[in-house]
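Enquirer: These are the residues of each chain, in order.
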Amino acid sequence: GENVEQHPSTLSVQEGDSAVIKCTYSDSASNYFPWYKQELGKRPQLIIDIRSNVGEKKDQRIAVTLNKTAKHFSLHITETQPEDSAVYFCAATSYDKVIFGPGTSLSVIP
Amino acid sequence: SAVISQKPSRDICQRGTSLTIQCQVDSQVTMMFWYRQQPGQSLTLIATANQGSEATYESGFVIDKFPISRPNLTFSTLTVSNMSPEDSSIYLCSARGWQETQYFGPGTRLLVL
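Listed in order, the protein sequences are those of chains X and C.
For the first sequence, this note's numbering begins at 24 and goes up steadily by one.
For the second sequence, this note's numbering begins at 31 and goes up steadily by one.
Among the hints, erroneous ones may be present.
Stated by the list, open to error - Which chain X residues face chain C? A few, computed with CB under 8 angstroms, are given here:
1. R66
2. L69
3. K120
It should be emphasised that the hints constitute simulated quantities derived from the structure, not laboratory data.
Note that CB positions come from ideal geometry on N, CA and C, so glycine has one too.
Produce the entire structure from the sequences given, and follow the hints as far as they go.
Expert: As structure tokens, this is what we get:
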């Protein structure tokens with residue numbers, strides 16, 4: 024089955040700096056890659072997603088890149104703000120199932 | 031986007047008992063799922079809830095322990111049976127719409143004593 028790895032597990036950045044989270048997946052059949060943000064005590068919220076026929080997607084301060092050959096995808100957050108502090112999960116969809124990475128705890132220091 | 035509600039939001043149960051969690055979606059969805067999230071951990075898929083037929087369980091999860099129903103397109107239940115303290119966790123319902131986007135319910139926080 025699909026296996027998703029994610030790095031780093033924790034990340035601290037100064038407000039205004041950029042944050043990058045990297046993920047790898049194992050199943051070459053995976054074709055949809057969502058990213059979720061989960062604040063403490065709340066449900067995961069979809070923040071951006073990318074499909075396998077696209078290499079990059081951007082939404083304001085958030086961008087995601089996908090390298091299908093290497094089975095890598097990354098989340099980039101620019102101009103970070105304290106409200107970006109949360110746990111971020113990458114995920115891969117294989118055979119209709121969304122499999123999550125272990126998560127990255129992002130802290131943005133004011 | 032689909033709005034998903036769950037109840038109960040939390041419960042404290044005695045070992046050996048069972049708890050049924052309900053999940054309601056406000057619009058028709060193609061697929062529904064149940065996840066478990068231990069504190070500080072990622073989300074683990076328990077099963078896919080299939081309308082009108084038996085759920086499809088992931089490795090490590092069995093129907094006798096986690097029976098699931100989905101009588102229609104917008105409603106599903108998960109039962110945690112014969113509970114032990116190891117079942118203490120957050121249980122999340124999830125639903126996918128026609129455009130593959132998957133949304134989550136608020137979760138049910140379960141503590142087993």
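Enquirer: Next step is simple, just say for each hint if it's right about the structure.
Expert: Now for the hints, and whether the structure bears them out:
Among the interface hints, the one on R66(X) holds; its C-beta lies about 4 angstroms from the nearest C-beta in chain C, closer than the 8 angstroms criterion. Satisfaction of the interface hint for L69(X) is found here, the shortest Cβ-Cβ separation to chain C being roughly 6 angstroms, below the 8 angstroms cut-off. Interface hint at K120(X): satisfied, since its Cβ lies 6 angstroms from the closest Cβ of chain C, which is below the 8 angstroms cut-off.
Hint violations for this structure: none, all hints satisfied.
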